[in-house]
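Trainee: Residues per chain are reported as follows:
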Amino acid sequence: MGISIRASAMTDPITPVSEDREVAPPQQTVDGVPIAPVGGLDTALDQGLEVKARSQWNYARRRFVRHRLAMVGLVVLIIVFGAGIFANYIAPYSFSEIDLTNLISPPTTVGHHFFGTDAIGRDYFSRVIYGIRTSEEVGVFVAILSSLIGLVVGAIAGYYGGVVDNLLMRTTDLVLTLPFLAILLTASALLGQGSQWRVSIILALLFWTGLARVVRGIFLSLREKEYVEAAKAAGAGDARIMFRHILPNTLGPIIVNGTLAVATAILIEAALSFLGFGIKPPTPSLGVLVSDAQANPQQWWLTVFPGLTIVIIVLAINFVGDGLRDALDPTQRRVRA
Amino acid sequence: MLTFIVRRILYSIPVLIFSTFLSFVFVSLAGNPVALLNGNPRIPKNTIHLIEVQNHLNRSIPVRYVFWVRDLFTHKLGNSLLTFQPIWPDITRTLGHTAQVIIISETLAIVLGIVIGILSAIRQYSVFDYISTSFSFLGFAMPTFWLALLLQILFVDIYLKWNVRIFYTSGLNSPGQGTWSLDRLQHIALPVMTLCIISFAVYSRYMRASMLDVINIDYVRTARAKGLSDWHVIMRHVFRNALIPIVTVAALNIGGLLGGVIITETVFSLDGIGFYFLQKLQNGDLYAVMAYLVVTAVIIIVFNLIADILYGYLDPRIRYD
Chain A
1 MGISIRASAM
11 TDPITPVSED
21 REVAPPQQTV
31 DGVPIAPVGG
41 LDTALDQGLE
51 VKARSQWNYA
61 RRRFVRHRLA
71 MVGLVVLIIV
81 FGAGIFANYI
91 APYSFSEIDL
101 TNLISPPTTV
111 GHHFFGTDAI
121 GRDYFSRVIY
131 GIRTSEEVGV
141 FVAILSSLIG
151 LVVGAIAGYY
161 GGVVDNLLMR
171 TTDLVLTLPF
181 LAILLTASAL
191 LGQGSQWRVS
201 IILALLFWTG
211 LARVVRGIFL
221 SLREKEYVEA
231 AKAAGAGDAR
241 IMFRHILPNT
251 LGPIIVNGTL
261 AVATAILIEA
271 ALSFLGFGIK
281 PPTPSLGVLV
291 SDAQANPQQW
301 WLTVFPGLTI
311 VIIVLAINFV
321 GDGLRDALDP
331 TQRRVRA
Chain B
338 MLTFIVRRIL
348 YSIPVLIFST
358 FLSFVFVSLA
368 GNPVALLNGN
378 PRIPKNTIHL
388 IEVQNHLNRS
398 IPVRYVFWVR
408 DLFTHKLGNS
418 LLTFQPIWPD
428 ITRTLGHTAQ
438 VIIISETLAI
448 VLGIVIGILS
458 AIRQYSVFDY
468 ISTSFSFLGF
478 AMPTFWLALL
488 LQILFVDIYL
498 KWNVRIFYTS
508 GLNSPGQGTW
518 SLDRLQHIAL
528 PVMTLCIISF
538 AVYSRYMRAS
548 MLDVINIDYV
558 RTARAKGLSD
568 WHVIMRHVFR
578 NALIPIVTVA
588 ALNIGGLLGG
598 VIITETVFSL
608 DGIGFYFLQK
618 LQNGDLYAVM
628 AYLVVTAVII
638 IVFNLIADIL
648 YGYLDPRIRY
658 D
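So the sequences go chain by chain: A and B.
Quick note: the first sequence, position 171, residue 171 per the working numbering, numbers continuous.
Going from the second sequence to the working numbering is simple: count from 1 and add 337.
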């Protein structure tokens, strides 16, 4: 105990009390009387300094902020996604504005055509920016919806076991048996290509199985723990145990999984749209842009910019996801990749 | 071991039945196969009705599924609803082409991935390690279709600019050239390259991580302590144990690979099974789409089984009974 505190005191600067803005966790006091810190802290206290009490989340945040690649990824992601969210203000033109006097112009600052124009004179920079918006909406929506489904199914299967559990494991087996992309394509053919929401729902309905398995595993091992038994003895109902006592332990994997799901969803949406089974053309999508660029292979900017945007987004999300994994899920920590 | 294999095969039968039934319902609902014929005014209504009756299209979907299963065994996957041609020859032909591409690209990717993975693990945090790690991160983030298109554009440009034909950028063969010719190699080089880069990213990263997992284990330290050479320690004690997870990853990668094949073959207009599937799906050719789904599902199940068996064989700690 003393050693671990000393070790953190070595790396973390000890701040004076006045600047301490952290709330002490409840176990630091008993009936308002502070418990004396143990061991190696005495010397620090003698010098009139106090060690900050940190919660798990606090440590996680510090680990995340120290992860250099993750911070770079986060900054890039904020810039790119910010451009997508504020597309109306950033894009110099609308995504569908046609200028027949300025067809397939290469990238230039004249008239703010930073990424040039396409075959019917639409500003390519604006189209890519609006494409980012579509991609991020699809990615975030799929991540949230699939996490929710995965969480609920995984929690029920892991906590109650039995039929639900069996059904879940068989369904995941089923999803694993079939070629993922082929099933997505078939499902899109069934529902018809269309709005990004339809595509997102199809993706989410096939994405939840991975997370459900993870959540199920955690619930399965935690429901046997003594603290759950104690909660039961104290009269807590199933819902309370599931959501108050076990769920917080699954948040780390859920956040990591959800982050990486955004990247996967963006990649798969782009592939579907590229093949013509995703988002319908008037909505700009990065996959559709690359697909349309096939008609003009000599105009490199038409292929390069939307594709490069996908690569940058996915790279940034993967970096952030790795940082989050290291920060939130120390048990799963792997060697630095 | 034998009982394990038998049990796994028996277990995969209901999975296969259920998954094909689900896909059958999906694909049947997706479109009316005779819609194309209905649109043609020169085909009399009686003919269309006859076609519907012959193919049991007027029956309910579960009944049609039973007929389809019968055709699957008695007529080798049955006939196409649009061209009335047997499906089996198409499947074997396209699957052969795809197999050629996949085998070459996977062999390259596995060998390269293992070598690069080992090198970057034993020189962890060196310049070489950083370069190869960045490369594999890039491979993870790269959309397959974009990589394929970039390669295509690059080689079209080379051809147009200097009039040198290094690789062909679409198709499978020039007229009159065979399966095992330089011409074929020039045609499939770019699809092979695309798939290889994508898979390489996966293998090199896994290999590196799995080497690093093993490299600090006690028995490796013991091996060093008793004075074995570095080469001996790495090859005999680390490499062989680090290889186990790669075998599984390689076998389980087949599902993702079949997805990548759909995209790559479409970009390069290669007459493989992925391109075949996409065309049939666009046309709404029910039985051809189903044939693809069954064949790929069987392939994936077989590879999963191979992964499990190999894993048990390579790692004696795992027992199947």
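By construction, these hints were calculated from the structure, which means they are not laboratory data.
Heads up, some of the hints might be wrong.
To be verified - Taking lysine to any residue pairs in the SDA-like style, the calculated list, with each CA pair at most 25 Å apart, reads:
| no. | chain 1 | residue 1 | chain 2 | residue 2 |
| --- | --- | --- | --- | --- |
| 1 | A | LYS280 | B | LEU487 |
| 2 | B | LYS413 | A | LEU174 |
| 3 | B | LYS498 | A | GLN298 |
| 4 | B | LYS413 | B | LEU366 |
| 5 | A | LYS280 | B | GLN619 |
| 6 | A | LYS280 | B | GLN616 |
| 7 | B | LYS413 | B | PHE358 |
| 8 | A | LYS280 | A | LEU174 |
| 9 | A | LYS280 | B | PHE358 |
Trainee: Provide an ascending list of the numbers of those earlier hints which the structure does not satisfy.
Mentor: 8, 9
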